[in-house]
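S.K.: Those protein sequences? They're chains A and B, same order as listed. Position in the first sequence counted from 1, then plus 9, gives you my numbering. Position in the second sequence counted from 1, then plus 9, gives you my numbering.
Hints are computed from structural coordinates only; laboratory data are not their basis. A portion of the hints provided could be inaccurate.
You can't tell identical chains apart in this list, so a pair holds if it fits in one copy or across any two.
Cut-off 25 Å, straight-line C-alpha distance, at most; resulting in silico cross-link-like pairs (SDA-like, lysine to any residue) [as the list claims (entries may be wrong)]:
| # | residue 1 | residue 2 |
| --- | --- | --- |
| 1 | K49 | A176 |
| 2 | K49 | V77 |
| 3 | K69 | L213 |
| 4 | K69 | P28 |
| 5 | K140 | G119 |
| 6 | K49 | P173 |
| 7 | K140 | R125 |
| 8 | K81 | G57 |
| 9 | K69 | L43 |
| 10 | K69 | A226 |
| 11 | K164 | A226 |
| 12 | K140 | D124 |
| 13 | K164 | R229 |
| 14 | K69 | R229 |
| 15 | K49 | A174 |
| 16 | K140 | D182 |
| 17 | K140 | Y120 |
Protein chains: 2
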Amino acid sequence: MQNRTDTTRTIGEHGIPEPTLRRLPAYCQVLRRLAGRGLKQVSCTRIGRELGFDPTQVRKDLALAGAVGRPKVGYCTEELYRTLENFLGWNNVEEAVLVGVGHLGTALLGYTPFDRYGVRIVAAFDSDPEKLGPHAHGVQVFPQTRLPELLRRMKLRIGILTVPAEAAQSVCDLMTANGVIAIWNFAPIALSVPANVIVQNEDLFATLGVLSSKLAAALRTGS
Amino acid sequence: MQNRTDTTRTIGEHGIPEPTLRRLPAYCQVLRRLAGRGLKQVSCTRIGRELGFDPTQVRKDLALAGAVGRPKVGYCTEELYRTLENFLGWNNVEEAVLVGVGHLGTALLGYTPFDRYGVRIVAAFDSDPEKLGPHAHGVQVFPQTRLPELLRRMKLRIGILTVPAEAAQSVCDLMTANGVIAIWNFAPIALSVPANVIVQNEDLFATLGVLSSKLAAALRTGS
DNA sequence: TAGATTGTTAATCGATTAACAATC
DNA sequence: TAGATTGTTAATCGATTAACAATC
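Assemble the whole structure, with the sequences as input and the hints as a guide.
M.R.: Here's what the structure looks like:
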């Protein structure tokens with residue numbers, strides 16, 4: 010576990026360390042790029058160089074995801090890509106709802122290439138009547154009261170939470186009570202969920218925090 | 010170091026572990042929320058409960074950021090918030106450029122509350138003539154050829170890189186050659202930069218990777 | 001064959017967690 | 001005073017890195 014709560018020890022526990030899981034998407038992107046350039050075979054050294062990772066780490070990560078290579082030759086680029094994509098579940102797109110059409114929610118709704126990453130947002134919800142109606146890319150924003158009904162009817166299993174921290178737990182409860190089993194949570198708060206529900210917290214400003222604290226430190230000492 | 014390259018060992022090395030730096034923004038958000046509710050004093054236990062962190066970890070993180078509390082009493086909420094904000098450099102807003110107005114760049118441009126996090130995007134650049142002109146929130150999109158000139162004139166020190174991986178290194182070089190000393194890189198590629206430049210790589214889909222791989226695993230075994 | 005690479009086990013490193021004295 | 005909390009040192013845990021045999 011990287012940080013935040015993980016009430017989710019039971020399910021999804023294939024024993025693979027979370028840092029590894031977090032690196033897999035980067036490998037996918039590199040592989041897609043290299044495959045596009047016509048590279049048939051690829052080594053861990055090469056992948057590592059592209060991303061600045063240690064080659065041994067790359068090899069271990071790939072092994073954990075079930076990839077098999079051949080000594081001296083490396084991995085078949087295409088096959089490796091498909092193995093990872095399949096492992097991530099990105100080969101078939103899951104439909105998702107987004108709740109909370111504020112700044113962040115709007116940004117996410119505007120970001121179309123999600124379906125490359127296994128997710129398609131098919132409906133959005135907000136408690137503010139001003140926000141209702143058709144939104145970017147044809148996604149409709151519904152009143153939040155209709156959330157349970159639509160979740161059930163469309164059998165949606167992924168929920169994206171972009172509401173303020175105060176509202177997060179209650180919306181989360183509504184989601185899990187109506188069939189959602191995976192929540193991508195952007196609220197800076199620990200959600201409590203039933204044991205079989207997967208919660209991933211997104212620390213949107215974590216990286217920005219590192220960048221700006223380093224910059225602040227550099228400015229203090231340096232110039 | 011969490012992952013990716015870090016050619017930046019020299020500067021910004023105040024010895025504070027990166028995981029700690031990544032958690033500071035979450036503390037800020039919680040503190041703002043609690044202060045808003047009128048809470049004058051706050052303990053590590055309380056902060057930890059909100060975020061699902063271990064109290065000892067919270068205490069250690071706060072100490073590293075220079076916060077001082079009082080036994081039995083805890084920390085003064087307001088003071089603690091200001092200490093962290095100051096440590097992160099979020100009390101004075103740095104102006105920044107964004108290069109690459111694609112899906113992601115657009116989403117970031119549309120996200121106004123950045124100035125709360127120490128950054129204000131004041132200009133954007135793209136190599137595609139179609140993208141030029143006024144953009145969301147009054148930010149102008151300039152042709153990429155004007156990047157060096159504007160960087161120098163406005164003395165900008167933060168660059169946000171949202172171009173495709175292939176273009177990332179050359180744009181990065183252009184930035185560092187014209188005064189940028191901190192780069193927030195969204196391209197899945199290792200940038201090489203002069204020793205005094207800070208690079209932070211954002212793995213936008215890392216969390217989504219964890220979520221979907223866990224979901225895929227759950228669906229395989231479960232239902 | 002020689003060199004490069006995989007796969008895997010062992011060693012190192014660092015972060016998290018536990019323990020506990022000091023304090024209000 | 002008793003209980004809660006900070007601050008800090010020690011123990012644990014886990015991830016990264018190094019080493020090396022096996023392989024093509």
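S.K.: Hint by hint, note whether the structure agrees.
M.R.: The hints, checked one at a time:
| no. | hint | in the structure |
| --- | --- | --- |
| 1 | K49 to A176 | between (49 Å within a copy, 23 Å between copies) |
| 2 | K49 to V77 | within (15 Å within a copy, 57 Å between copies) |
| 3 | K69 to L213 | between (28 Å within a copy, 22 Å between copies) |
| 4 | K69 to P28 | both (12 Å within a copy, 22 Å between copies) |
| 5 | K140 to G119 | both (15 Å within a copy, 16 Å between copies) |
| 6 | K49 to P173 | between (47 Å within a copy, 22 Å between copies) |
| 7 | K140 to R125 | between (27 Å within a copy, 23 Å between copies) |
| 8 | K81 to G57 | within (16 Å within a copy, 49 Å between copies) |
| 9 | K69 to L43 | within (20 Å within a copy, 43 Å between copies) |
| 10 | K69 to A226 | between (35 Å within a copy, 19 Å between copies) |
| 11 | K164 to A226 | between (49 Å within a copy, 19 Å between copies) |
| 12 | K140 to D124 | both (24 Å within a copy, 23 Å between copies) |
| 13 | K164 to R229 | between (53 Å within a copy, 18 Å between copies) |
| 14 | K69 to R229 | between (40 Å within a copy, 23 Å between copies) |
| 15 | K49 to A174 | between (47 Å within a copy, 19 Å between copies) |
| 16 | K140 to D182 | within (22 Å within a copy, 42 Å between copies) |
| 17 | K140 to Y120 | both (18 Å within a copy, 16 Å between copies) |
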